[in-house]
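2 protein chains.
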Amino acid sequence: MDINKIGEFGLISRLTADIKPVQPATLKGIGDDAAILRYGDTALAVTTDTLVEGVNFDLTYAPLQHLGYKAAIAGFSDLYAMNAAPRQLLVSIAVSAKFSVEALELLYRGLKLACKHHRVDLVGGDTAPSVTGLMITVTAIGEVDPAKATYRNKAQKGDLICVSGNLGAAYMGLQVLEREKKLFEEDPAIQPQLDNYGYVVRRQLKPEARRDIVDFFASSGLLPTAMIDISDGLSSELLHICTASNVGCEIHHHKIPIADETVAAAEELFLEPLIVALNGGDDYELLFTIPVADYDKVVGNEDVSIIGYVTGREEGCNLVTETGTRIEIKAQGW
Amino acid sequence: MDINKIGEFGLISRLTADIKPVQPATLKGIGDDAAILRYGDTALAVTTDTLVEGVNFDLTYAPLQHLGYKAAIAGFSDLYAMNAAPRQLLVSIAVSAKFSVEALELLYRGLKLACKHHRVDLVGGDTAPSVTGLMITVTAIGEVDPAKATYRNKAQKGDLICVSGNLGAAYMGLQVLEREKKLFEEDPAIQPQLDNYGYVVRRQLKPEARRDIVDFFASSGLLPTAMIDISDGLSSELLHICTASNVGCEIHHHKIPIADETVAAAEELFLEPLIVALNGGDDYELLFTIPVADYDKVVGNEDVSIIGYVTGREEGCNLVTETGTRIEIKAQGW
Numbered sequence: 001m002d003i004n005k006i007g008e009f010g011l012i013s014r015l016t017a018d019i020k021p022v023q024p025a026t027l028k029g030i031g032d033d034a035a036i037l038r039y040g041d042t043a044l045a046v047t048t049d050t051l052v053e054g055v056n057f058d059l060t061y062a063p064l065q066h067l068g069y070k071a072a073i074a075g076f077s078d079l080y081a082m083n084a085a086p087r088q089l090l091v092s093i094a095v096s097a098k099f100s101v102e103a104l105e106l107l108y109r110g111l112k113l114a115c116k117h118h119r120v121d122l123v124g125g126d127t128a129p130s131v132t133g134l135m136i137t138v139t140a141i142g143e144v145d146p147a148k149a150t151y152r153n154k155a156q157k158g159d160l161i162c163v164s165g166n167l168g169a170a171y172m173g174l175q176v177l178e179r180e181k182k183l184f185e186e187d188p189a190i191q192p193q194l195d196n197y198g199y200v201v202r203r204q205l206k207p208e209a210r211r212d213i214v215d216f217f218a219s220s221g222l223l224p225t226a227m228i229d230i231s232d233g234l235s236s237e238l239l240h241i242c243t244a245s246n247v248g249c250e251i252h253h254h255k256i257p258i259a260d261e262t263v264a265a266a267e268e269l270f271l272e273p274l275i276v277a278l279n280g281g282d283d284y285e286l287l288f289t290i291p292v293a294d295y296d297k298v299v300g301n302e303d304v305s306i307i308g309y310v311t312g313r314e315e316g317c318n319l320v321t322e323t324g325t326r327i328e329i330k331a332q333g334w
Numbered sequence: 001m002d003i004n005k006i007g008e009f010g011l012i013s014r015l016t017a018d019i020k021p022v023q024p025a026t027l028k029g030i031g032d033d034a035a036i037l038r039y040g041d042t043a044l045a046v047t048t049d050t051l052v053e054g055v056n057f058d059l060t061y062a063p064l065q066h067l068g069y070k071a072a073i074a075g076f077s078d079l080y081a082m083n084a085a086p087r088q089l090l091v092s093i094a095v096s097a098k099f100s101v102e103a104l105e106l107l108y109r110g111l112k113l114a115c116k117h118h119r120v121d122l123v124g125g126d127t128a129p130s131v132t133g134l135m136i137t138v139t140a141i142g143e144v145d146p147a148k149a150t151y152r153n154k155a156q157k158g159d160l161i162c163v164s165g166n167l168g169a170a171y172m173g174l175q176v177l178e179r180e181k182k183l184f185e186e187d188p189a190i191q192p193q194l195d196n197y198g199y200v201v202r203r204q205l206k207p208e209a210r211r212d213i214v215d216f217f218a219s220s221g222l223l224p225t226a227m228i229d230i231s232d233g234l235s236s237e238l239l240h241i242c243t244a245s246n247v248g249c250e251i252h253h254h255k256i257p258i259a260d261e262t263v264a265a266a267e268e269l270f271l272e273p274l275i276v277a278l279n280g281g282d283d284y285e286l287l288f289t290i291p292v293a294d295y296d297k298v299v300g301n302e303d304v305s306i307i308g309y310v311t312g313r314e315e316g317c318n319l320v321t322e323t324g325t326r327i328e329i330k331a332q333g334w
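The listed protein sequences derive, respectively, from chains A and B. So the first sequence is numbered by the numbering used here: it starts at 1 and just counts up by one. So the second sequence is numbered by the numbering used here: it starts at 1 and just counts up by one.
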């Protein structure tokens, strides 16, 4: 059977369906942003992510330093989604001989900078020759109070659905970069025009993970009922939460946070900003649900948007447009 | 600068030289078989390993099920080398569309079998599309009493140098498989003749990690002063211990354990068994040093060979041949 036929999530579920943890330390295995392991009084969140050249990044426009930064951020973001604080990072790199030592030093500079910003120790790794290009796998380890780990499967009917920051910017950054690359390939004399796209390009090339939101939860005494990070688009992540929690949802078009720069770039490239926000990847924002009683705790935070609420499973997952039309939310595949 | 010019270890040391852990939980960062992290009363050993198609394995003769088994074993072996017990495994796979779902199921069957044999939970992973071939990165997590973690840098002058099992078999298995592949490519009608090479081929395709040796340490109250697993050949690993511990060593040719099957295969392929044992990779045996006072504890174990002893740094690292000649030990590169 063709892998593309069942998609990434179908594949993972098929490969791992019969796995049953036997170690008492394993609180949560496969099926969330990170595994949760209990050791002593604390719990660890552990996640692994792979970035592949030609699939997840294009070295034509992704500077190696930013790429290193982004690889680490992808791992940290998964830990924040479990309400965990990142502590250690391991990095495996497979690299072909076309890369120089200096190029890898740039990559590591980015990795180290991300570690510094998030107070993480780079504690190990592996470097292997590759027959083609560059592949980076990061494993991030974080610490979380076992009672405060936030899973995907605990959203409750009636909860508010919240999202940090704004969505779709990283995707528009990618579209702008791809357009400039194409123009450059057609005429190498053309210089890239990125002046008006600084924000969206930065969101694509050097994203940030929302430690500030997890810190905000701690300082405001807020514990989300469910949480996930948005790496594959809002639609896909919402469906993960709803499926795992056995609930439905209703979100409102005009509540979805989209930056002005994202709207401008989308319109210029003849894309619908809403679709970009729903399906664009690489946002690294946090999507979480909270009890209605905690409304007061989030309403004053300008960096959190309430976009809808959790419904019963039978109501399905829907987007309500400005004209009141209900549209079923579907995820995009690989 | 060309990566090959400074080699894998030179590269890692250059990329990571300025890294200083800031988290109190980080007991040991880069520079051993695994990082050692202290959480609560226990310590965790964490390691990551990448296997790349066309570099670390050849699907012409490596069955996917064995490959999955081997990938997990590579991680567990690093943990045993720290005297740790494996508990959890995460797996990242980058795979091109040429692989079917069924092929990946075979790969996972091997991963799961290794987990079962070593009582490990497969707790997470990532599956990414690759533009070429297959790449597997495993991250293995184990538990160790912080007072009993065995590092590379604590070998003491006068210690005995021991090795488990026998060396060079996996390398000879690879040579036999490569020879059969070449014959097959020249004439596809030829069937591979592997009957006489079952042992060495198995050591290459489906190696085992030495949990039994770590269990033996526990049951006999033995704590090695230093330990490393032999994945890159005895010479290379011995030099790692000697460099990290700032000592020298003397090992004896006739004490190096080499299986009869390895000797027979080497002679048939016009290779010197000693060189095969010193430089062949993929053994996954354990190399460790113990105080002379613990001689009695190992001498009765038929699966442990005492191959020499630790000397002062100034004496260098030497192999003594059967005729008494001293030869300086050098490592092979990437």
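Don't read these hints as lab results, they were simulated from the structure. Only a predicted model underlies this, so the values are computations on that prediction, with no experimental measurement involved. Any given hint might turn out to be false.
Said to hold, decoys possible - Computed beta-carbon distance windows for the label pairs: (1) B:Tyr295 to A:Ala218: 18 to 24 Å; (2) B:Val131 to A:Ala189: 53 to 59 Å; (3) B:Ala218 to A:Val131: 28 to 34 Å; (4) A:Gly324 to B:Arg119: 52 to 58 Å; (5) B:Gly198 to A:Asp2: 51 to 57 Å.
Claimed, not checked - Simulated crosslink set (DSSO-like; lysine-lysine; CA at most 27 Å straight-line): (6) A:Lys98 to B:Lys157; (7) A:Lys206 to B:Lys5; (8) A:Lys148 to A:Lys116.
Said to hold, decoys possible - Derived, one-sided and incomplete: chain A residues facing chain B with beta-carbon distance under 8 Å: (9) Met1; (10) Ser13; (11) Ala25; (12) Val46; (13) Ala94; (14) Val101; (15) Leu106; (16) Ala128; (17) Ile141; (18) Val144; (19) Pro146; (20) Lys181; (21) Phe184; (22) Tyr295; (23) Thr323.
Each residue gets a CB set at the ideal place from its N, CA and C atoms; glycine is no exception.
What hint numbers does the structure not satisfy?
-> Hints 1, 2, 3, 5, 6, 7, 10, 15, 18, 19, 20, 21, 22 and 23 are the ones this structure does not satisfy, whereas the remaining hints hold.
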